[in-house]
Structures are given as C-alpha cells and as structure tokens.
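Enquirer: What follows is the residue order along each chain.
Number of protein chains: 4
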Amino acid sequence: MEIINYTDEHHEYRQRFRSFLETDILPHKNQWDNAQLIPKDIWKKLGKNGFLCPTVEKAYGGAGQDFLYSVIVIEEIARANYLGLFAYLHSEVVVPYITAYATEAQKMAYLPGCVVGDIITAVAMTEPDAGSDLASMVTTAVEQDDHIIINGSKTFISNGVNCDLIVLAARDPQEKNPHKAISLFLVEADTPGLKKGVQFEKMGMHSQDTTELFFNNCKIPVSGRLGPKGAGFKLLMNKLQQERLVCAVSAVACSEFCLEWTVNYFRQALADKSHLARSQASQFALAEMVTELKMEKAFVNGLVLSHMAGENVILETSMAKFSTTDSAKRISSRCMDLLEEMGGIEGNCPLVDAFNDVRVLSIYAGTNEIMKQIIAKELLSSSKSLC
Amino acid sequence: MEIINYTDEHHEYRQRFRSFLETDILPHKNQWDNAQLIPKDIWKKLGKNGFLCPTVEKAYGGAGQDFLYSVIVIEEIARANYLGLFAYLHSEVVVPYITAYATEAQKMAYLPGCVVGDIITAVAMTEPDAGSDLASMVTTAVEQDDHIIINGSKTFISNGVNCDLIVLAARDPQEKNPHKAISLFLVEADTPGLKKGVQFEKMGMHSQDTTELFFNNCKIPVSGRLGPKGAGFKLLMNKLQQERLVCAVSAVACSEFCLEWTVNYFRQALADKSHLARSQASQFALAEMVTELKMEKAFVNGLVLSHMAGENVILETSMAKFSTTDSAKRISSRCMDLLEEMGGIEGNCPLVDAFNDVRVLSIYAGTNEIMKQIIAKELLSSSKSLC
Amino acid sequence: MEIINYTDEHHEYRQRFRSFLETDILPHKNQWDNAQLIPKDIWKKLGKNGFLCPTVEKAYGGAGQDFLYSVIVIEEIARANYLGLFAYLHSEVVVPYITAYATEAQKMAYLPGCVVGDIITAVAMTEPDAGSDLASMVTTAVEQDDHIIINGSKTFISNGVNCDLIVLAARDPQEKNPHKAISLFLVEADTPGLKKGVQFEKMGMHSQDTTELFFNNCKIPVSGRLGPKGAGFKLLMNKLQQERLVCAVSAVACSEFCLEWTVNYFRQALADKSHLARSQASQFALAEMVTELKMEKAFVNGLVLSHMAGENVILETSMAKFSTTDSAKRISSRCMDLLEEMGGIEGNCPLVDAFNDVRVLSIYAGTNEIMKQIIAKELLSSSKSLC
Amino acid sequence: MEIINYTDEHHEYRQRFRSFLETDILPHKNQWDNAQLIPKDIWKKLGKNGFLCPTVEKAYGGAGQDFLYSVIVIEEIARANYLGLFAYLHSEVVVPYITAYATEAQKMAYLPGCVVGDIITAVAMTEPDAGSDLASMVTTAVEQDDHIIINGSKTFISNGVNCDLIVLAARDPQEKNPHKAISLFLVEADTPGLKKGVQFEKMGMHSQDTTELFFNNCKIPVSGRLGPKGAGFKLLMNKLQQERLVCAVSAVACSEFCLEWTVNYFRQALADKSHLARSQASQFALAEMVTELKMEKAFVNGLVLSHMAGENVILETSMAKFSTTDSAKRISSRCMDLLEEMGGIEGNCPLVDAFNDVRVLSIYAGTNEIMKQIIAKELLSSSKSLC
Ligand SMILES: Cc1cc2nc3c(=O)[nH]c(=O)nc-3n(C[C@H](O)[C@H](O)[C@H](O)COP(=O)(O)OP(=O)(O)OC[C@H]3O[C@@H](n4cnc5c(N)ncnc54)[C@H](O)[C@@H]3O)c2cc1C
Ligand SMILES: Cc1cc2nc3c(=O)[nH]c(=O)nc-3n(C[C@H](O)[C@H](O)[C@H](O)COP(=O)(O)OP(=O)(O)OC[C@H]3O[C@@H](n4cnc5c(N)ncnc54)[C@H](O)[C@@H]3O)c2cc1C
Ligand SMILES: Cc1cc2nc3c(=O)[nH]c(=O)nc-3n(C[C@H](O)[C@H](O)[C@H](O)COP(=O)(O)OP(=O)(O)OC[C@H]3O[C@@H](n4cnc5c(N)ncnc54)[C@H](O)[C@@H]3O)c2cc1C
Ligand SMILES: Cc1cc2nc3c(=O)[nH]c(=O)nc-3n(C[C@H](O)[C@H](O)[C@H](O)COP(=O)(O)OP(=O)(O)OC[C@H]3O[C@@H](n4cnc5c(N)ncnc54)[C@H](O)[C@@H]3O)c2cc1C
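Protein chains in written order, with full-length UniProt numbering: chain A, 1 to 387; chain B, 1 to 387; chain C, 1 to 387; chain D, 1 to 387.
What the hints contain is simulated information worked out from the structure, not anything from laboratory work.
Ideal placement from N, C-alpha and C gives every residue a C-beta, glycine not left out.
Just to be clear, a hint being listed does not mean it is correct.
What the hints assert, rightly or not - Pulled a few chain A residues facing chain B out of the computed Cβ check, cut under 8 angstroms:
hint, residue
1, M1
2, F266
3, L270
4, K294
5, S323
6, L379
Sequences and hints are given; from them, build the entire structure.
Expert: This is the structure we're talking about:
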C-alpha cells in the first residue's frame with residue numbers, strides 16, 4: 001500500500017529525468033564541482049526538457065503539473081548523488097514567491113524565463129547578523145519617488161553567482177516593528193549598485209554557488225516590490241512550509257541513495273563470500289538504517305499529500321526537516337563506517353560526496369535547533385492531544 | 001491528511017471502549033496487578049460489550065467488523081496505560097488460528113465462546129529449549145487410534161492460568177524434518193494430563209498471567225487437530241504478520257501515552273512557571289520524541305492498511321515490530337528522565353508502569369534480534385531496489 | 001597499572017564487608033524492601049563491625065581510616081545489588097557536615113553514636129518548591145532568647161523515617177540575600193514540633209526510607225546551630241564535591257554489577273551452546289559496555305585520588321556524576337535487552353532491581369541537568385585550555 | 001591529580017615541537033595536501049630536530065627517551081590538526097619492528113638513518129584479499145641459495161611513495177599453517193623487482209601517501225629476513241599493542257583539538273552576545289562531549305603508563321582503539337553541528353579537515369569490528385571478574 005500513488009505519467013517523467021541526469025549531467029559533475037558552478041546553458045537544458053518549475057501554470061509557460069513532479073525532480077537529483085545540482089531552490093523555493101505574490105505583470109515578465117532556464121533566481125534573506133533571527137535584518141529599502149533605493153548586504157546566497165533575479169527581503173528604516181518593516185523586492189542581477197561577492201568554499205555541494213551580495217544605493221523601480229508593503233515577514237513565513245518540505249524530501253532521497261549503494265555493495269560482498277557481509281553487527285546496522293528510512297519516508301510522503309491538499313502542516317514539516325536531515329548525516333556516516341577502508345577512498349566510494357553534501361541540509365531553511373524550538377513551542381503552548 | 005480514515009462508527013466504538021475502561025477496568029488495576037490475574041468475569045464483560053474478537057464473522061457469534069476495530073481496542077488499552085490487560089493476545093493472535101484453520105465444526109464449537117469471553121484462549125509454542133528456534137521443539141503428539149497423545153511441556157504461555165482452550169504446537173516424533181513434523185492442536189484446558197504450572201513473576205504486565213504447561217499422556221480426540229497434519233510450522237509463520245503488527249500498534253500507542261502524559265505535565269509546569277518546562281534541553285527532548293513517534297505512527301498506520309488489503313508485508317512488519325518496541329522502551333525511559341524526581345515516585349507517576357510494561361513487547365512474537373535477522377536476510381538476498 | 005593502589009588492609013576490609021553483606025544483609029533484602037525500611041539494629045550491626053563512617057577520627061570513636069574505606073563500602077553495596085542499603089548517605093554525606101563544621105561539643109555528643117549506628121542521620125535541604133534552586137527555600141529558623149524556632153517543611157528526605165539526627169538548612173526570614181540567610185542546624189528527631197510524614201513509594205531503592213518532615217514551632221537550643229550563622233549556603237556547596245563523587249562511585253559499581261552478571265550469564269550460555277551467546281550483535285554490545293565502564297572507572301578512580309589529595313575537582317565531579325549515573329541507567333537497560341526473556345522475569349534476574357534502583361542516582365545531589373549547567377558555565381566562562 | 005606526570009624536560013620538548021609545527025610545518029599544509037605528499041627534506045628536518053623515533057637508543061643514533069616523548073609528538077600533531085603528517089607510523093609503528101627484532105647488523109645499518117629522517121619506513125602486511133585476516137596473505141617469499149625471491153602485491157601501504165625501507169610480511173608457499181608460514185623481511189625500496197603503485201585518493205589525511213606495492217621476482221639477500229623464520233605472524237601480533245595505543249592517543253588528541261576549537265568559538269560567541277552560545281541544548285552538548293573526552297583521556301593515559309611498564313594490556317588497548325576513534329568521529333561531527341553554517345565553510349573552519357581525517361583512524365591497525373571481536377572473545381572465554 002503505497003502512501004503516494006504515482007500515475008504512469010509520473011513514472012515516465014521520472015524515467016525521463018533519470019536518463020537526462022545520466023547522459024547530460026553526471027558526466028560533468030567533477031568538472032562543475034571543481035569550477036564550483038553549473039554552466040548557465042545547463043540550466044537552459046534543464047528548462048527546455050521540462051525539469052525546472054514543473055508546477056508553473058501553462059499561462060506563464062509552465063507545464064501546470066502537480067507537486068509530485070517537483071518531488072520527483074528532487075528525489076532523482078538526490079538519488080543521483082548530486083545535491084550540488086541545487087535546482088530545486090530555484091523551482092520550489094524562489095519561483096513560488098513569484099507565483100504566489102507577484103502581480104500579473106511581474107509574472108508575465110519573469111515566469112516564462114524561469115521555466116525555460118533563462119532566468120535563474122535566488123532568495124536573499126540572510127545577513128551577517130540576521131540568520132535565524134530574520135527580524136534583525138538591517139538591509140534597507142527606501143522609497144523615493146518612483147524608485148526604491150537598497151543598501152546593505154546579504155550572505156550565504158545560493159545561486160548567488162548564477163542568479164539573474166533576486167527575491168530580496170529588506171526593511172523600511174523608519175518602521176521599528178519588524179513585522180511591519182520588512183518588504184520583498186524583485187531585483188534583477190544586473191541592476192547598478194548590486195555587486196556579487198566571492199564564493200564560499202563549502203565542504204559539500206561544491207557545484208552550487210553560494211556567495212555574498214552587496215547593495216550600494218541599488219535603485220529599482222517601485223514596481224519591483226513583491227507583495228504588499230510591510231508584509232515581507234509574513235510572506236517569508238508562508239513559504240517556509242514548502243521550503244522545509246523539499247529539504248526533507250531531498251534528505252530522505254539522499255539517505256536512500258546511501259543505503260541503496262551500501263546494500264548493493266553488501267550484496268556483492270556476499271556473493272564474493274567476503275567477511276564484510278557476514279558480520280551480524282553490520283547486517284543489523286543495515287536493518288536498522290533501512291527501517292529508519294522507511295519510517296521517515298512514510299511520514300514525509302504523508303506530508304507531501306497534506307501539503308498538496310493545502311493543509312497547514314508547519315509543525316509536522318518542522319519535524320520532518322530536522323529529523324530527516326539529521327538522519328541523512330547519520331546514515332551517510334554509518335554506511336561509510338560499515339564499508340570501512342572502502343568508505344575512505346574517494347575514487348571508489350560515492351558516499352564520500354553524500355557524506356559531505358548532506359551537512360548543509362540541516363542549516364538552510366531554518367536550522368534544526370530552530371525547528372525543535374518551533375515544535376516545542378507548539379507542543380507546549382497548545383492543549384491539543386498528541387494522538 | 002490522515003493515513004487511516006476512521007468512520008463515525010469507529011470513533012463511537014473507541015469512545016465506548018474508552019468509557020468502559022474508565023468505569024469497569026481501571027479502578028481495579030492495582031488489585032488485579034497484585035493478584036497477577038484478571039478475573040474471568042471481566043473477560044465475559046469485555047465479551048458481552050463487544051470488545052473481544054471484533055472481526056469474527058456474525059455466523060460464529062461475532063460482529064464481523066473490520067480490523068480497525070481491533071486496532072482501536074489495542075490502542076485504547078495502551079493509552080489507558082494497562083498493557084497487563086492483554087486481551088489482544090486472545091482476540092488478535094490466538095482466535096485467528098481458529099478462524100483461519102479450523103473446521104466448521106471446530107469453529108461452531110469454540111468461536112461463539114471466544115467472542116463472549118466464555119472461552120479464553122492461549123497459544124503454546126515456546127518450550128524451555130525452543131524459543132526463537134521453534135523447529136527444535138520436542139513436545140510430541142502421537143496419533144493412536146482415534147486419539148492423540150501429547151507429552152512434553154511449554155513455557156512462557158500468556159493467559160496460561162486463565163485459558164480454557166489452547167492452540168498447541170507439537171511434533172510427530174517419527175518425522176525428523178521440522179517443516180513436516182509439527183502440527184497444531186486445539187486442547188481444552190481441563191483435559192486430563194494437562195497441568196498448569198506456577199506463574200512467572202514478570203517485571204511488568206503484572207495482571208497478565210504467564211505460566212508453564214505440562215502435558216503428561218494428555219489425550220485429545222483426533223478431531224482436535226487444527227489444520228492439516230504436518231503443516232504446523234507453516235501455519236505458525238502465516239500468523240506472524242498480524243501478531244507482530246499488533247505488537248507494533250500497541251507499542252506506538254504506549255509511547256503515545258507516555259508522551260501525552262509528559263507533555264501535559266510540562267504544560268502544567270509551564271503554567272506554574274516551574275524550572276522544568278523552561279529548560280531548552282528538555283523541550284528539545286520532547287520535540288525529538290514526538291517526532292520519532294509521529295514517524296512510527298505514519299509507518300504503522302500504512303502497514304495496517306496494507307495488512308487489511310491482504311498484502312504480504314512481513315518485512316515491513318518486522319521493521320515495525322523491533323523499531324516501535326525499542327522506541328517505546330526509549331521513550332518511556334527518557335520521559336521519566338525529563339520528569340526527574342517525579343519520575344521515580346510510583347504513587348504519582350504512571351510512567352513507572354509503562355516503563356516496566358513495555359519491556360516484554362520486544363520479546364514475544366519474535367525478539368528484536370530475530371526481527372533484524374529477517375530484515376537483513378531479506379535485504380541482502382533479494383536484488384530489489386530499496387525505493 | 002591500577003590507578004588506585006589498595007593496600008592489603010583495604011583488601012581485607014573489602015572481603016570482610018562482602019562476607020558481612022552475604023550473611024547478615026542480603027538474606028533479608030526482600031523483607032526490608034517490602035517493609036520499605038532497614039531495621040535499626042541492622043544499622044547498629046553495621047556500626048559495630050566498622051562499616052559506618054570509617055573515616056571518623058579515633059578521638060570520636062571512629063577508625064580514622066582513609067577515604068578508600070568509604071569507597072570500598074559504597075562499591076560493595078552496589079556490587080551486592082542492594083542500593084536500597086543507602087548507608088553511605090549517613091557515612092559519607094551527612095556525618096561529614098558534623099566532622100567538618102561542628103563544635104567540639106557537638107562532635108563529642110554525636111559522632112560516637114554515628115559511628116556505632118546508634119544515631120542515624122539525615123540531611124534536609126529540599127522543599128516542595130526548593131530543589132535545584134536551594135536559594136528559594138522558605139523554612140525559617142528564628143532565634144529567640146537561647147532557642148531557635150523552626151517552621152516549615154522538607155521533602156524527599158532520605159533516612160527520613162529512621163533518622164535520629166537531622167542536619168537541617170533553614171533561613172532567617174529577616175535576611176533577603178539567600179547567600180547570607182541560610183544556616184544549618186542539628187535537630188534531634190524527637191524534638192517536639194518535628195513530625196515525620198508518610199513514606200514515598202519509590203520505583204527503586206525500596207528499603208530506603210524517604211519521607212517528608214514537618215516543623216511546627218519546633219524549638220531547639222541555640223547550641224544546635226552547625227557552623228557560622230548565615231553560612232549555610234556555602235557549607236552546603238562545600239560538601240557537594242564528596243556527595244557527587246560518592247554517587248559516581250556507586251553508579252560505576254552498579255554498572256559493574258550489571259555487566260559482571262550479564263557476562264557470566266553469557267559465559268554460561270556459551271558453555272550451554274545457546275544461541276544467545278553466539279550472536280555477534282550481543283557480543284559487540286557487551287564489548288561496548290565494558291569499554292564504557294572501564295573508561296568511567298579510570299576517570300572516577302583518578303578523581304577519588306584527587307579528592308583525597310584535597311584538590312578542587314568540582315567540575316570533574318560534576319562530569320562524573322552525570323555521566324556515570326546516565327551510564328548506569330543505560331547499561332542496566334541494555335543488559336536486560338541482551339538477556340531478552342530472562343531479563344523480564346524478576347524471580348530469576350537480579351538486573352530488574354538494578355534497573356529500577358539506578359534511576360534515582362541521577363536526581364539527588366543535583367540533577368544531571370544541573371551538572372551539565374555547571375560544566376557548561378565553567379567551560380564557557382573560563383579561558384583555560386581543555387588539555 | 002594528573003595520571004601522567006610529565007617532567008620539565010617533557011614540557012620543554014612539547015613546546016619545542018609545537019613551535020616547530022607552527023613555523024616549519026603548518027604554513028605548508030595546504031600545499032602538501034594538494035601534492036598528497038610530504039617532501040623528503042621535511043622528514044630530514046623532523047629528524048634533525050629530534051622529532052622522529054625519540055625512543056631509539058643512543059647506540060643507534062637515537063635520543064634514548066622514554067615513550068612519553070612519542071606520546072607528545074603524536075598529541076601535538078593531532079592538536080595542530082594535521083593528521084596527514086603521519087610521522088608516528090614511521091617512529092612508533094615500523095621502526096619498533098627493527099629495534100625489537102633486528103640483528104645488530106641490521107640495526108646499525110638502518111636505525112641511524114631512521115632517526116635522522118634519511119630513511120623513511122613503511123610496513124606492508126595488507127593485501128587485496130588479506131586485510132583483517134592476515135593469515136590469508138598470498139605474497140610469497142622463497143629462499144633460494146643466499147637470496148629470497150618475493151612475488152605478490154601489497155595494498156593500502158602508508159608512506160608507500162616516500163618509503164626507503166619496507167618491513168614486509170610474506171609467506172613460505174610450502175608451509176600451509178599460516179602461523180608458521182609467514183616471515184618478516186626488510187626490503188629496500190630501490191630493490192629491483194619492487195614497484196610502487198599509484199596513490200589512493202583518500203577522503204582525509206591528504207598529505208599522507210598511501211599506495212600499492214608490487215613485487216615481481218624481487219630479490220633480497222638472505223640477511224634481509226627480520227626475526228626468526230616463520231615467526232612473522234607472532235611478531236606482527238606482538239607489535240599491535242603499541243600500534244593501537246598510538247592510534248588511541250592520536251584520536252583523543254584530535255577530539256581535544258575539535259573541542260578546544262569549538263569551546264573557544266563559543267566563548268567568543270558569548271562575548272559577542274550571539275544566539276549560538278546561549279542555547280542550552282548546545283551548551284549541554286559541549287558539556288557531554290568534554291566529559292566523554294576526559295574519561296577517554298583518563299583511560300588512555302592509564303594505558304600509556306601500563307604499556308611503559310611492560311604490561312600486557314592488549315584487551316584494554318583494543319577498547320581504547322575502537323572507543324576513542326569512534327568518539328573522534330562523533331565529536332568532530334557534533335562540533336560541526338553545533339557551529340551550524342560556520343561548520344560547513346572550509347576556509348573558515350578547521351574542523352572540516354579533522355572531520356575528514358579522523359575517519360581512517362578506525363580502520364588501520366585493525367578495524368573497530370575486529371577490536372570488538374577481540375574484546376568479546378577475551379571477555380567470554382575467560383572466567384575473570386570484571387572488577
Ligand atoms: C549552503 C547554504 C546556503 C544558504 N542559502 C541561502 C539562501 O539562498 N538565501 C538565504 O537567505 N540564506 C541562505 N542560507 C543561510 C541560512 O538560511 C542561515 O545560515 C540559517 O538560517 C542560519 O542562520 P545563521 O547562519 O545566521 O545562524 P544563526 O542564526 O546565527 O545561528 C547560529 C546558531 O545558533 C542557533 N540559534 C539561533 N537562534 C537561536 C535561538 N533563539 N535559540 C537557540 N539557538 C539558536 C542556531 O541553531 C545555530 O546553531 C544558506 C546557508 C548555507 C549554509
Ligand atoms: C511475557 C511473555 C509472554 C510470552 N507469551 C508466549 C505465549 O503466549 N506463547 C508462546 O508460545 N510463547 C510465549 N512467549 C515466549 C516468546 O515467544 C519467547 O520468549 C521468544 O520467542 C524468545 O524465545 P526464548 O525466550 O527461548 O529465547 P531464545 O530463542 O533462547 O533467544 C535468546 C536470545 O538469543 C537471541 N537469538 C536467538 N536466536 C538467534 C540467532 N539465530 N542469532 C542471533 N541471536 C539469536 C534472541 O534474540 C535472544 O536474545 C512469551 C514470552 C514472554 C517473555
Ligand atoms: C530518592 C531521593 C532521595 C532524596 N534525598 C534527599 C535528602 O536526603 N535530602 C534532601 O535535602 N533532598 C533529597 N532529595 C531531593 C533532591 O536533592 C532533589 O529532588 C533534587 O535536587 C531536584 O530538586 P527538585 O526535585 O525540586 O527538582 P527541580 O529543582 O524542581 O527540578 C525539576 C527539573 O527541572 C530541571 N531544572 C531545575 N533547574 C533548572 C535550570 N535552572 N535550568 C534547567 N533545568 C532546570 C531539573 O534538572 C529537573 O529536571 C532526594 C530526592 C530523591 C528522588
Ligand atoms: C589510510 C590507510 C592506511 C593503511 N596503512 C596500512 C599500512 O601502512 N600497512 C598495511 O599493511 N596496511 C595498511 N592499511 C590497511 C588496513 O590495515 C586494513 O584496511 C585493515 O586491516 C582492514 O582490512 P581490509 O581493508 O582488507 O578489510 P577486510 O578485512 O576485508 O574487512 C572488511 C570489513 O569486514 C569486517 N570484518 C573483517 N573480518 C571480520 C570478521 N571476522 N567478522 C566480522 N567482521 C569482519 C571489517 O571490520 C571490515 O568492516 C591501511 C588502511 C588505510 C585505510
């Protein structure tokens with residue numbers, strides 16, 4: 001009894017994307033990891049083949065698919081062990097701000113480009129002193145005539161180098177209450193006054209470009225505001241459910257990759273009559289990990305359906321986010337333990353990449369500590385029964 | 001989005017059983033724990049009210065309900081923190097042998113009594129030297145004319161004192177191959193030659209009677225065989241999926257009880273401005289445990305549906321069995337840790353009982369080690385993908 | 001290379017105490033557990049044989065031994081699996097207040113009785129609303145002429161029923177600053193105005209009597225003050241190092257008991273060719289637990305020497321306290337897991353007692369949460385290197 | 001009370017080595033990591049300054065120091081976060097074979113060069129199909145006239161590229177019993193018929209060269225045998241105690257580095273009033289890790305003394321080996337978790353290196369699984385008490 005019932009069209013899409021990854025993407029992974037960047041024309045290829053923003057409506061150039069298409073893309077990237085191809089940030093995190101909050105004109109201007117990969121997007125909230133605590137952001141956006149002048153800087157911005165369009169959060173310096181001060185803006189990357197910083201050397205997800213952004217009297221038209229003035233904080237919060245859910249989907253698929261690879265290695269070892277596979281301790285470790293994975297998957301799949309049904313599952317999504325990302329760290333590490341010397345030799349063992357890639361999953365979209373705080377607060381402040 | 005969609009009838013049944021527990025059962029728990037026995041007329045009361053064997057067909061005196069009624073009974077017993085009321089062994093483990101394998105005559109003879117609680121059943125497989133390894137059982141059943149003569153002994157038999165009818169596994173001493181030697185028998189408890197031993201002093205589930213059974217030239221009619229001759233091993237295996245699934249349902253509900261109680265204690269503490277509830281470490285511990293619980297519940301609920309749909313989910317059930325019972329141990333213990341001194345004072349803290357009761361859940365119906373062996377073997381011997 | 005070098009006299013003392021436990025104590029354990037009290041004449045027998053307060057100076061009737069004699073008594077009680085014989089509270093926690101802070105007259109009056117077991121002592125700090133946070137205690141001690149009038153109540157007092165003499169902490173209601181308000185007093189148990197409450201039903205350590213104390217205009221002579229007026233808080237803090245160290249010694253010895261018993265059970269199982277002992281997963285679990293134990297023991301033994309050398313090792317003692325008591329919980333539980341069905345049958349398996357007894361070790365003398373707070377504060381507020 | 005009492009000379013040596021690391025080594029780490037090799041003249045510099053083989057006797061050019069000098073070198077390398085400077089393999093693992101088993105002539109020929117760094121050594125036991133199970137090695141050494149002809153291959157050989165002299169284990173193909181068949185040999189790296197393979201791409205310890213060795217009718221003089229003929233297996237086993245002990249010393253020091261760095265980061269964060277350091281959950285995590293470290297250190301320090309006293313502590317060393325290396329993995333990972341986004345940015349966070357380097361510690365010198373097997377076997381086959 002599968003919790004999610006994929007249709008034939010879904011299965012076919014998955015197959016198509018899987019082939020695409022094998023032929024057009026994976027052969028270049030090493031090169032792009034070294035370059036710390038995925039070439040722009042690859043984004044276009046992804047777009048042309050329908051692998052960006054599958055849920056965008058047809059009116060804006062999209063395919064108008066259901067959210068399961070998004071899930072499929074995220075899962076297949078993780079199962080291909082290439083988290084550095086961080087396309088879902090664009091498709092499922094940033095573009096949804098536009099589909100949900102943009103004016104018709106903004107949608108017409110940007111969405112078609114987003115779908116075909118001509119426009120790569122980024123979202124810029126975090127600042128050197130405002131990470132978990134977004135309310136303390138200091139980047140300012142001041143309205144002046146028909147322009148908005150932006151000053152400040154943002155950091156840890158994914159797609160920071162590649163991006164053409166930025167969903168930016170900034171505050172009105174006149175308004176003290178952060179819940180009223182913050183607005184969102186659509187800033188094109190070539191706007192004068194916006195400078196991209198140097199890339200961070202991350203320990204994993206090497207192909208994915210992460211950088212700082214500097215705004216120095218950066219001037220955008222007043223039509224660049226996204227959503228109502230002062231509503232930024234609320235808009236950001238509204239999008240977190242999906243943002244965290246896609247992290248969980250990715251984390252589960254990444255654990256799946258690690259376990260699949262390791263189980264296959266053990267199957268081979270068993271065929272080869274090697275010691276490795278005969279150890280009961282190792283076998284039990286595999287049994288425990290696969291069980292953990294299956295439970296997470298059941299939970300996350302249930303959440304996907306709830307999310308698609310429009311339910312408020314922010315509490316459950318916070319649970320999924322911290323638990324699956326923690327688990328991915330643990331599983332990738334323990335699989336490598338089981339493989340022993342094989343697990344430490346990069347050339348032969350793809351788990352080394354997974355092991356390093358998964359670590360950021362528990363940071364962005366809210367750290368695991370923040371997730372637990374949300375959960376505990378919700379649990380203790382309500383009077384609802386758990387069951 | 002609930003994985004299981006209970007109907008109004010289900011909800012009503014749950015309410016009715018919950019009330020029954022509160023008025024007719026829980027006030028006597030201490031007394032029955034001390035006596036290490038639940039009085040026979042309580043079984044009759046359970047039966048009369050429809051709380052035994054809900055799935056037995058109407059033709060045999062049952063209500064012909066679906067398996068969710070069984071799930072409801074198991075859950076409510078655990079949430080009432082009274083695992084010692086081990087009624088589900090009778091209803092969901094032993095009686096199913098009769099409904100599945102008995103002749104029409106056997107069904108007519110026993111099922112109506114099972115449903116109303118006049119007949120309490122037990123299943124006797126385990127022997128002093130045959131626990132996990134049932135194949136090594138030595139109790140013999142020898143056909144002689146129109147009788148079967150049974151010799152040997154069984155141990156750890158739940159309902160051992162109260163039982164009126166026993167599903168017994170015994171071997172043909174002539175046949176060496178255990179997969180052909182073992183047959184099942186229906187033995188009435190007052191058959192001459194059958195003696196019940198003394199009760200075990202268990203660390204938990206005190207109300208539940210567990211004992212030894214001794215067979216000394218115990219003679220039953222040949223019509224007492226249950227199922228085909230020599231098919232015993234296979235019949236036992238066939239029933240394990242449900243047996244393990246009900247353990248998992250019980251374990252999850254028991255964790256639910258512990259967490260519900262603890263969360264409520266913290267809510268009160270927060271209202272009282274006590275230190276306890278303000279500790280972040282404790283709050284995070286709660287968040288982690290509730291998350292673990294929710295994942296297990298999603299998985300087990302999915303399994304319940306698969307089981308009802310007649311799918312073979314023996315692998316997944318093994319996962320559920322070890323994982324949820326381990327988790328119940330861990331959760332009951334960690335909740336008590338959080339409560340500190342409150343957690344050690346029996347009079348005030350019901351978790352002490354839960355903490356002691358849950359320990360046997362990981363033993364019967366196959367130890368957790370056996371579960372992991374099944375899982376590992378299945379994983380490594382197949383070539384199926386995990387996802 | 002042993003960290004502690006016991007002399008022949010130490011070894012002999014250990015042997016003598018071990019025999020004493022076997023002949024005079026253990027045969028009565030069940031009875032005293034049920035009575036929730038150890039008879040007073042057993043205390044006298046302990047005293048007469050030199051097993052109480054071994055370090056008290058000869059001048060006051062003691063043997064003037066070194067602290068290793070105390071360690072031996074604590075270890076042997078735990079290895080006899082009888083934490084309910086909580087003699088070390090008297091010998092190593094309460095009496096040291098007298099030896100350290102009492103006047104010559106007070107010492108002469110009480111110490112000889114403490115040594116021979118005529119006087120059983122208790123320490124009463126905790127109140128319903130003052131546990132971890134002693135500063136918030138509200139029991140008052142008011143000086144009036146040559147008397148002190150005590151009002152209030154204390155709770156969770158070990159030896160609460162048996163005690164003849166109480167070291168009591170109470171505050172001067174005139175003084176707001178808790179660091180100046182609290183004084184200690186020696187209160188004889190038969191003083192009018194002092195009433196002992198009912199005993200708590202604890203989940204473990206059943207023989208040990210824990211109760212409430214009520215002071216209602218309880219009048220003691222002014223000579224009953226212990227130590228300088230207003231110094232109570234500091235005096236209490238001073239004694240915590242030894243108090244926590246003896247908890248750690250006890251916890252380690254209790255883990256030793258559990259592992260010793262389990263390893264022997266496995267040795268026997270191996271001789272019997274049972275499945276149990278052949279499981280690699282179980283063998284590895286044993287290896288891991290014994291290793292954990294050996295590390296803790298090395299650390300605690302080092303601390304014992306430091307403590308005897310008069311060093312300030314309050315930080316290390318806090319580490320030992322939380323870690324060894326957590327470990328004892330974990331080890332007793334995991335050993336029972338390994339034993340499976342054997343581990344749940346009280347009559348046969350002494351680990352059930354250990355499992356229940358150890359839980360309080362992490363509560364008194366400062367909860368584990370308080371320990372971690374002390375450690376973290378110390379680590380983060382100093383600038384010392386860790387190595 | 002320190003378990004090891006270092007003298008002033010020891011402290012001075014430590015200071016001297018620490019300065020040397022800072023000035024002569026660490027500035028080049030990146031370069032050598034990229035080259036996957038430490039230049040030979042650095043080995044000479046280490047030698048000239050007395051940092052290689054400190055315990056070799058003066059007669060052979062050494063300083064004749066005690067083993068604590070070795071411990072100091074190992075600790076300081078780990079605390080400098082440069083496990084890739086794997087000098088202790090040469091000094092404390094390979095050279096001891098020569099000091100213990102070599103003839104006077106062999107000692108005179110090789111030891112002085114080992115001490116000054118002119119001769120870099122390696123030990124070659126492992127083969128593609130003989131890792132944990134050394135008995136199954138197939139490389140042959142056949143005596144012919146006054147020569148020995150070697151054929152076969154070895155793998156995972158540390159210092160494989162740099163080495164000038166190899167302690168090689170090979171078997172007599174005529175002798176079936178592995179305990180009699182294996183002998184050790186001293187093979188100079190430039191012997192014809194010996195070829196070094198390509199380097200492995202390891203996930204950590206990048207500067208350390210690990211490679212394969214191929215022997216093709218490689219001919220050495222009969223005087224190249226090390227120790228008695230056929231005694232190889234026993235000689236290898238004899239050296240394992242020290243080999244595993246130095247791994248444990250290294251692992252503990254590496255954990256120390258990670259915690260020291262993280263605690264300092266938190267101290268700074270506290271001074272900066274950042275959120276990070278105020279989280280109780282993080283503070284408790286630090287407290288737990290430092291406690292774990294202190295216990296391991298106490299245990300390992302005790303072992304160092306026992307080892308120096310010539311005791312057989314192979315059981316305890318196996319405990320130390322698996323536990324400290326597991327712990328180093330766990331601590332490096334959990335510290336990075338605590339640092340969150342800081343922990344994933346390589347340029348800023350040295351823990352990334354530690355995290356990747358420590359993983360091999362649990363593999364060489366016997367995997368942790370092999371360690372646990374040794375411990376379990378020893379525990380269960382003896383009848384000794386644990387305490
Ligand atoms: C690879 C990567 C990509 C990213 N991409 C983007 C992006 O595209 N756009 C973007 O805007 N941001 C991005 N981020 C930033 C990310 O969202 C932040 O790093 C994250 O929200 C944490 O903020 P911080 O780093 O400032 O940590 P802080 O908020 O300073 O937190 C530091 C630590 O303190 C803890 N903490 C914080 N508050 C509390 C509290 N109240 N109580 C207890 N503990 C607390 C945190 O859990 C954490 O451990 C990215 C980060 C990474 C690493
Ligand atoms: C409270 C209670 C009620 C029970 N009720 C019933 C009942 O009503 N009817 C009934 O027939 N039985 C009943 N049992 C028995 C129960 O099913 C058995 O205890 C269980 O199957 C384990 O068998 P055993 O006790 O003989 O342990 P063993 O089979 O002897 O196992 C001992 C240990 O060895 C491990 N082990 C066994 N085989 C292997 C292997 N191949 N590899 C690795 N490890 C292995 C096990 O996991 C376990 O840890 C009950 C038990 C309890 C505790
Ligand atoms: C068997 C037993 C015997 C005892 N014997 C004695 C005795 O002989 N004499 C005596 O005086 N007392 C005795 N005690 C009392 C014992 O010392 C206290 O129970 C203990 O100090 C904890 O205090 P509390 O129970 O009031 O818990 P609280 O202080 O109310 O703490 C409740 C919980 O909150 C946590 N907490 C408290 N403060 C903080 C904080 N600042 N931050 C985060 N978390 C916090 C605690 O860790 C705990 O989990 C005994 C207790 C027991 C259980
Ligand atoms: C970085 C590095 C440096 C090294 N340097 C050297 C060197 O200088 N010289 C040298 O000779 N070797 C060296 N080695 C080799 C190392 O000693 C071996 O890798 C190690 O002994 C394990 O052997 P293996 O890799 O063949 O694994 P295997 O022995 O094949 O083991 C594979 C897995 O099976 C498990 N296993 C093995 N036997 C059993 C059993 N009986 N029961 C249960 N489980 C079992 C192991 O724990 C492991 O998980 C090095 C290795 C590494 C990674």
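Enquirer: Tell me the numbers of any earlier hints that the structure contravenes, in ascending order.
Expert: none
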